[in-house]
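Novice: For reference, the chains in residue letters:
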Amino acid sequence: MIRPLIAGTAALALVAGPAMVQQASAQQKTIKIGFISTFSGPAAAIGNDMRNSFELGLDHLGRKLGGLPVEVVYEDDEIKPEVGVQKTQKLIESDHVDFIVGYIWSNVLLASLKPVVDSKTMTVVTNAGASQLAGEMCSPYVFSTSWNNDQTPAAIGTYMNQKGVKTAFLMGPNYAAGKDMLNGVQTTFKGQIVGQELTRWPDQLDFSAELSKARAAKPDAIFAFYPGGAGVQFITQYAQSGLKGQIPLYTAFTIDDLSLPRLKDLAVGVPGAQEWVNDLPNDVNKKFVADFKAKYKTTPSFYGAQTYDAVALINSAVTAVKGDLSNKEAMRKEMEKADFKSVRGNFRFGNNHIPIQNFYLQDADKTADGNYALHTVSLIVKDDQDKFHDKCPMK
Amino acid sequence: MLYFIEQLLNGVQLGMLLFLLAAGLTLIFGIMDLVNLAHGSLYMLGAYFAATFAALTGSFVLGAILALAATFVSGVALEVIAIRPLYGRSHLDHVLGTFGLLLFFNELVRLVWGPAGMTLSLPSEMLTAVQIIPGVYYPAYRLVIIAATLAVAALLYILVMRTRLGMLIRAGASNREMVGALGVNIKLLYTLVFGLGAALAGFAGLMQAPILTVQIGMGENILILAFVVIIIGGIGSIRGAFVAAIIVGLIDTIGRAFLPDLLRAVLNTNTALTLAPALSSMSIYMLMAGILVFRPEGLFPAASK
Amino acid sequence: MSALFELNPRNAITIGLLVILALIPLYAALTGNTFVMTLFTRVLILAMAAVSLNLIMGYGGMVSFGHAAYLGLGGYAVGILAKEGIGSGFIQWPMAIAVAALFALVVGALSLRTRGVYFIMITLAFAQMVYYVAIGLDRYGGDDGLTIYKRSQFGGFIDLSNKTLFYYLCFALLLASIYLVSRMVNSPFGLAIQGARSNERRMRAIGFPVFRYKLVCFVIAGALCGLAGALLADHTNFISPAMMFWTRSGDLMVMVVLGGLATPFGPLIGTVTYLLLEEALSRVTEYPGLFLGPTLLLVAIYLHGGIAGLFERRAP
Numbered sequence: 001m002i003r004p005l006i007a008g009t010a011a012l013a014l015v016a017g018p019a020m021v022q023q024a025s026a027q028q029k030t031i032k033i034g035f036i037s038t039f040s041g042p043a044a045a046i047g048n049d050m051r052n053s054f055e056l057g058l059d060h061l062g063r064k065l066g067g068l069p070v071e072v073v074y075e076d077d078e079i080k081p082e083v084g085v086q087k088t089q090k091l092i093e094s095d096h097v098d099f100i101v102g103y104i105w106s107n108v109l110l111a112s113l114k115p116v117v118d119s120k121t122m123t124v125v126t127n128a129g130a131s132q133l134a135g136e137m138c139s140p141y142v143f144s145t146s147w148n149n150d151q152t153p154a155a156i157g158t159y160m161n162q163k164g165v166k167t168a169f170l171m172g173p174n175y176a177a178g179k180d181m182l183n184g185v186q187t188t189f190k191g192q193i194v195g196q197e198l199t200r201w202p203d204q205l206d207f208s209a210e211l212s213k214a215r216a217a218k219p220d221a222i223f224a225f226y227p228g229g230a231g232v233q234f235i236t237q238y239a240q241s242g243l244k245g246q247i248p249l250y251t252a253f254t255i256d257d258l259s260l261p262r263l264k265d266l267a268v269g270v271p272g273a274q275e276w277v278n279d280l281p282n283d284v285n286k287k288f289v290a291d292f293k294a295k296y297k298t299t300p301s302f303y304g305a306q307t308y309d310a311v312a313l314i315n316s317a318v319t320a321v322k323g324d325l326s327n328k329e330a331m332r333k334e335m336e337k338a339d340f341k342s343v344r345g346n347f348r349f350g351n352n353h354i355p356i357q358n359f360y361l362q363d364a365d366k367t368a369d370g371n372y373a374l375h376t377v378s379l380i381v382k383d384d385q386d387k388f389h390d391k392c393p394m395k
Numbered sequence: 001m002l003y004f005i006e007q008l009l010n011g012v013q014l015g016m017l018l019f020l021l022a023a024g025l026t027l028i029f030g031i032m033d034l035v036n037l038a039h040g041s042l043y044m045l046g047a048y049f050a051a052t053f054a055a056l057t058g059s060f061v062l063g064a065i066l067a068l069a070a071t072f073v074s075g076v077a078l079e080v081i082a083i084r085p086l087y088g089r090s091h092l093d094h095v096l097g098t099f100g101l102l103l104f105f106n107e108l109v110r111l112v113w114g115p116a117g118m119t120l121s122l123p124s125e126m127l128t129a130v131q132i133i134p135g136v137y138y139p140a141y142r143l144v145i146i147a148a149t150l151a152v153a154a155l156l157y158i159l160v161m162r163t164r165l166g167m168l169i170r171a172g173a174s175n176r177e178m179v180g181a182l183g184v185n186i187k188l189l190y191t192l193v194f195g196l197g198a199a200l201a202g203f204a205g206l207m208q209a210p211i212l213t214v215q216i217g218m219g220e221n222i223l224i225l226a227f228v229v230i231i232i233g234g235i236g237s238i239r240g241a242f243v244a245a246i247i248v249g250l251i252d253t254i255g256r257a258f259l260p261d262l263l264r265a266v267l268n269t270n271t272a273l274t275l276a277p278a279l280s281s282m283s284i285y286m287l288m289a290g291i292l293v294f295r296p297e298g299l300f301p302a303a304s305k
Numbered sequence: 001m002s003a004l005f006e007l008n009p010r011n012a013i014t015i016g017l018l019v020i021l022a023l024i025p026l027y028a029a030l031t032g033n034t035f036v037m038t039l040f041t042r043v044l045i046l047a048m049a050a051v052s053l054n055l056i057m058g059y060g061g062m063v064s065f066g067h068a069a070y071l072g073l074g075g076y077a078v079g080i081l082a083k084e085g086i087g088s089g090f091i092q093w094p095m096a097i098a099v100a101a102l103f104a105l106v107v108g109a110l111s112l113r114t115r116g117v118y119f120i121m122i123t124l125a126f127a128q129m130v131y132y133v134a135i136g137l138d139r140y141g142g143d144d145g146l147t148i149y150k151r152s153q154f155g156g157f158i159d160l161s162n163k164t165l166f167y168y169l170c171f172a173l174l175l176a177s178i179y180l181v182s183r184m185v186n187s188p189f190g191l192a193i194q195g196a197r198s199n200e201r202r203m204r205a206i207g208f209p210v211f212r213y214k215l216v217c218f219v220i221a222g223a224l225c226g227l228a229g230a231l232l233a234d235h236t237n238f239i240s241p242a243m244m245f246w247t248r249s250g251d252l253m254v255m256v257v258l259g260g261l262a263t264p265f266g267p268l269i270g271t272v273t274y275l276l277l278e279e280a281l282s283r284v285t286e287y288p289g290l291f292l293g294p295t296l297l298l299v300a301i302y303l304h305g306g307i308a309g310l311f312e313r314r315a316p
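Chains as they are written, first to last, in the numbering used here: chain A, 1 to 395; chain B, 1 to 305; chain C, 1 to 316.
Since the hints were made in silico from the structure, they are not lab data. For every residue, glycine included, the Cβ atom is placed at its ideal position computed from N, Cα and C. Some hints could be false.
[What the hints assert, rightly or not] Taking lysine to aspartate or glutamate and the EDC-like style, the derived pairs with C-alpha atoms no more than 16 Å apart in a straight line are:
| id | chain 1 | residue 1 | chain 2 | residue 2 |
| --- | --- | --- | --- | --- |
| 1 | C | K150 | A | D118 |
| 2 | A | K90 | C | E278 |
| 3 | C | K163 | A | E55 |
| 4 | A | K395 | A | E136 |
| 5 | C | K163 | A | D118 |
| 6 | A | K90 | C | E279 |
| 7 | A | K120 | A | E82 |
| 8 | A | K295 | A | E55 |
| 9 | C | K150 | C | E84 |
[To be verified] One-sided and incomplete, this derived list gives chain B residues near chain C with beta-carbon spacing under 7 Å:
| id | residue |
| --- | --- |
| 10 | D93 |
| 11 | V95 |
| 12 | L96 |
| 13 | F99 |
| 14 | G100 |
| 15 | E107 |
| 16 | L111 |
| 17 | L275 |
| 18 | S281 |
| 19 | M282 |
| 20 | A289 |
| 21 | L292 |
| 22 | P296 |
| 23 | F300 |
Please construct the entire structure, taking both the sequences and the accompanying hints into account.
Specialist: This is the structure:
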């Protein structure tokens with residue numbers, strides 16, 4: 001009884017293979033968007049935030065981009081470059097998407113660039129900021145609504161100078177973004193680096209060894225970059241080890257609106273740099289944050305804000321070309337104009353399709369109703385452009 | 001020097017977690033001759049159960065106790081339903097079958113608890129560092145892990161050395177056929193041993209949950225280390241598992257801590273930073289390969305055949 | 001090989017499968033569905049790796065839990081040479097084979113002295129070592145992996161960037177490796193290996209240099225898998241240490257056992273079944289593992305000799 005059943009399944013699989021047909025859409029009746037993010041593991045919170053923001057953006061436009069109805073296919077990269085490139089290829093070859101949106105992780109993005117560029121698929125990167133993308137690997141088809149990896153830590157470096165920090169110890173995960181972040185701090189920080197550590201990513205969540213080293217080096221301050229769930233672990237262990245209160249900690253992308261509810265008091269007094277904070281005083285942002293809170297009952301994070309902007313960006317371009325998605329040259333020109341209102345206020349691209357924007361200092365504190373919230377402390381740098389744009393051949 | 005002491009303790013703590021996993025694995029392998037790739041799934045279940053029960057009851061300790069019971073029951077159920085048919089088969093059949101179980105459990109957890117993973121928070125009293133020697137601070141919870149695992153090791157020792165069940169376990173580990181021939185209820189023995197292994201694995205899973213992670217597939221990385229430990233220690237030997245686990249834990253931690261600096265003296269920074277963790281991971285496998293070539297029975301062989 | 005001309009159910013399925021595989025590019029061209037060809041190219045390449053594993057594991061009884069290392073070594077040979085500016089396939093592919101063969105020689109020389117579960121574990125250990133070395137190779141991407149921008153160049157002979165040509169090349173290489181393995185195991189050398197699988201002491205007593213024979217077998221399997229690794233790197237244009245993680249070796253073992261140990265087309269059947277089942281299930285349900293897992297368990301418990309054994313009508 002079992003044998004025929006298994007044989008039948010095997011035969012079905014053999015036949016089902018060729019039967020997996022995906023018909024390409026002949027005319028541009030709908031816009032198909034492939035969305036790549038992380039929906040499993042602790043970082044799923046980021047992926048969900050991005051998806052929620054994307055959906056909210058589409059809701060605000062009546063589920064239409066440039067007047068055309070939208071279909072979104074969501075794929076999970078599992079934080080693995082090899083999975084990310086496979087899912088990217090599937091979106092391009094099997095789902096025949098018109099746009100690709102997303103990419104949280106720099107290493108996943110870098111692995112997936114070739115299929116995207118080879119197939120000339122318009123892509124909006126809403127988080128990953130690999131410096132190669134800003135420099136020699138820039139592409140006419142790839143745009144970023146986030147930043148380049150060196151900008152945010154460079155802002156912190158500037159801030160550390162302002163605070164009179166003379167020696168620093170750097171920590172981050174050993175993948176493309178981690179290395180970029182640590183290098184980024186050193187582009188502006190004028191003091192001395194007394195030590196740096198790259199930890200195994202993404203499975204090393206035990207930072208006790210590295211925190212001990214930091215303590216032994218006796219720096220004026222520690223800088224750390226640990227995105228997503230790793231950030232929660234790091235900040236918790238920083239407090240557990242007794243370092244909080246002894247050596248100040250400055251961060252990038254380690255404390256955000258997603259991790260704050262879990263960190264609570266531990267996040268207070270640990271400042272970070274960001275290009276967007278939830279209290280930026282422009283109308284688009286106010287509507288975004290208010291509607292997000294009403295629909296999803298939580299505060300959006302910067303991941304979500306960047307993704308929300310992607311909707312408006314794509315809409316502006318599709319509207320301008322009147323729905324003719326096949327004309328890539330015209331699409332590119334309209335995308336470069338960035339003729340939309342961003343949650344960051346003004347928005348413009350550099351020659352390499354990376355935004356030129358402000359960076360703020362953010363910190364957390366307790367609100368009147370007992371919750372915790374991030375707020376803007378000050379402006380660190382205005383209209384900052386990444387340092388790799390010269391390497392990009394596009395003018 | 002103080003930094004070295006901290007790292008030593010971290011290595012011991014990692015070793016203790018490995019021991020919990022390896023003890024169950026070595027018993028199951030030694031007595032039932034079963035290669036169990038699903039052992040990491042029981043580790044995962046322990047963590048998930050703990051996170052759920054702790055959230056329901058509001059207490060970490062209560063959650064842990066309930067999780068241990070639940071994991072034991074799961075292990076017993078698994079043994080009766082899926083593992084029994086595999087006894088006596090080739091190791092290859094074991095690999096195939098338990099690999100299937102590994103896939104199944106990953107998916108089951110995703111179905112029941114969702115893809116995002118869970119968190120298990122410590123009560124705030126544990127979020128401090130204890131000064132064990134003047135100038136050396138060590139996180140309180142990690143001391144708890146070491147203490148708890150030592151307690152479990154002691155209990156295990158008493159069970160194996162001083163009880164009738166333990167005698168049967170030792171006998172089964174050194175000569176399986178004889179125990180069956182003596183008329184002992186082998187089926188029950190096997191089920192109990194498997195359940196015990198499951199409980200130990202679940203305990204390891206829930207203990208590391210507050211500092212590391214509760215997510216799908218979390219057992220895959222540590223399972224392979226556990227296999228290395230039982231090979232080095234000797235299949236079927238709990239004492240061997242204990243010693244080997246400490247050795248492996250120390251090598252991994254000390255290597256990660258000191259190798260980068262050693263390498264940086266010779267190579268440039270970026271290369272050293274990336275190469276060091278890789279080398280320290282490699283060294284564990286080199287040790288195992290060495291043992292297999294020169295002393296394949298392991299450090300403390302249990303089998304007398 | 002004369003069994004191939006018997007028209008029993010197993011051979012019918014095999015021939016049917018081969019015909020379907022040969023027609024995939026035609027189907028892809030007619031329907032415009034290139035994804036099917038991408039999927040099946042991957043199937044062909046992994047089937048080749050499974051064939052090499054079947055040689056040592058099925059016929060030789062050497063259960064290697066580290067076979068994915070050879071895929072990785074072959075892939076990295078291509079990737080590293082490509083990054084250093086050497087794009088010629090005439091250099092890359094032989095390098096892939098040579099590196100894999102050399103590693104197999106070292107591993108085999110050390111491991112073949114052990115037996116049973118110890119052999120399994122020591123092959124696993126060596127594979128993990130290679131995995132960690134790959135992670136440590138900062139220049140070649142480390143854990144993030146490395147994109148290969150151009151497939152291996154073969155001058156004017158063949159353009160690998162043509163997907164259809166690449167597909168048929170992989171198909172041809174797969175058939176060639178099945179033929180090679182088949183000839184090997186039916187030669188006196190191969191029969192000695194199979195004899196050693198069931199009773200090594202007796203073979204040695206008869207006078208066969210069992211260790212040397214097994215080592216040769218091991219090296220050939222490694223080399224073949226290295227070539228598969230080169231093909232894989234060219235196919236995906238991407239290499240990463242994940243290619244060599246122990247669960248990938250587990251996948252290969254599953255494919256071989258599923259299809260039927262020690263049969264010429266078993267590895268192909270097993271690979272096709274496993275990969276298509278995976279793909280089909282993931283489209284039909286959100287939780288493919290819930291069905292795939294127990295299927296593997298049931299196969300392990302009830303099907304001696306894998307799927308190929310399904311049609312043998314032998315008593316279990």
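Novice: Compare the structure with each hint and give your call.
Specialist: Against the structure, the hints come out as follows:
1. Distance check on the hinted pair: C:K150 and A:D118 sit about 11 Å apart at the alpha-carbon level, within 16 Å; holds.
2. Between A:K90 and C:E278, the direct Cα distance comes to roughly 15 Å. Compliance with the 16 Å bound is thereby established for this hinted pair.
3. Under the criterion of a C-alpha separation no larger than 16 Å, the hint pairing C:K163 with A:E55 is inconsistent with the structure, at around 37 Å.
4. A hinted pair counts as satisfied when its Cα atoms are at most 16 Å apart, and A:K395 with A:E136 qualifies at roughly 12 Å.
5. Proximity of C:K163 to A:D118 is assessed by CA-CA distance (about 14 Å); at most 16 Å being required, the pair is judged to hold.
6. At most 16 Å may separate the alpha-carbon atoms for a hinted pair to count; A:K90 and C:E279 meet this at roughly 12 Å.
7. For the hint linking A:K120 to A:E82, the alpha-carbon distance of about 21 Å lies beyond 16 Å, and the restraint is violated.
8. A distance of roughly 11 Å separates the Cα atoms of A:K295 and A:E55; the hinted pair therefore holds under the 16 Å criterion.
9. For the hint linking C:K150 to C:E84, the alpha-carbon distance of about 12 Å falls within 16 Å, and the restraint holds.
10. The interface hint given for B:D93 is met, as the beta carbon of that residue sits about 5 Å from the closest beta carbon of chain C, less than 7 Å.
11. For B:V95, the shortest C-beta to C-beta distance to chain C is roughly 6 Å, which falls under 7 Å, so the interface hint holds.
12. Look at B:L96: its Cβ gets to within about 4 Å of chain C, closer than 7 Å, so that hint holds up.
13. With a cut of 7 Å, the hint placing B:F99 at the interface with chain C holds, because the nearest CB-to-CB distance is about 5 Å.
14. Because the smallest distance between the Cβ of B:G100 and any Cβ of chain C comes to about 3 Å, under 7 Å, the interface hint for this residue holds.
15. A least Cβ separation of about 3 Å between B:E107 and chain C falls short of the 7 Å threshold, and the interface hint therefore holds.
16. At a threshold of 7 Å, the smallest CB-CB gap from B:L111 to chain C is about 5 Å, leaving the interface hint in force.
17. Interface restraint check: B:L275 against chain C, minimum CB-CB distance 4 Å, threshold 7 Å, status holds.
18. Satisfaction of the interface hint for B:S281 is found here, the shortest Cβ-Cβ separation to chain C being roughly 5 Å, below the 7 Å cut-off.
19. A distance limit of 7 Å between C-beta atoms decides the matter here; for B:M282 the minimum to chain C is near 4 Å, and the interface restraint holds.
20. Taking 7 Å as the C-beta contact cut-off toward chain C, the hint placing B:A289 at the interface holds, the least distance being around 5 Å.
21. Hint on B:L292 holds. Least Cβ distance to chain C is approximately 4 Å, under the 7 Å limit.
22. Taking 7 Å as the C-beta cut-off, the interface hint given for B:P296 holds, the closest approach to chain C being about 5 Å.
23. The beta carbon of B:F300 is not positioned within 7 Å of any beta carbon in chain C (closest approach about 16 Å), and the interface hint is therefore violated.
This entry does not satisfy hints 3, 7, 23, going by the numbered hints stated previously.
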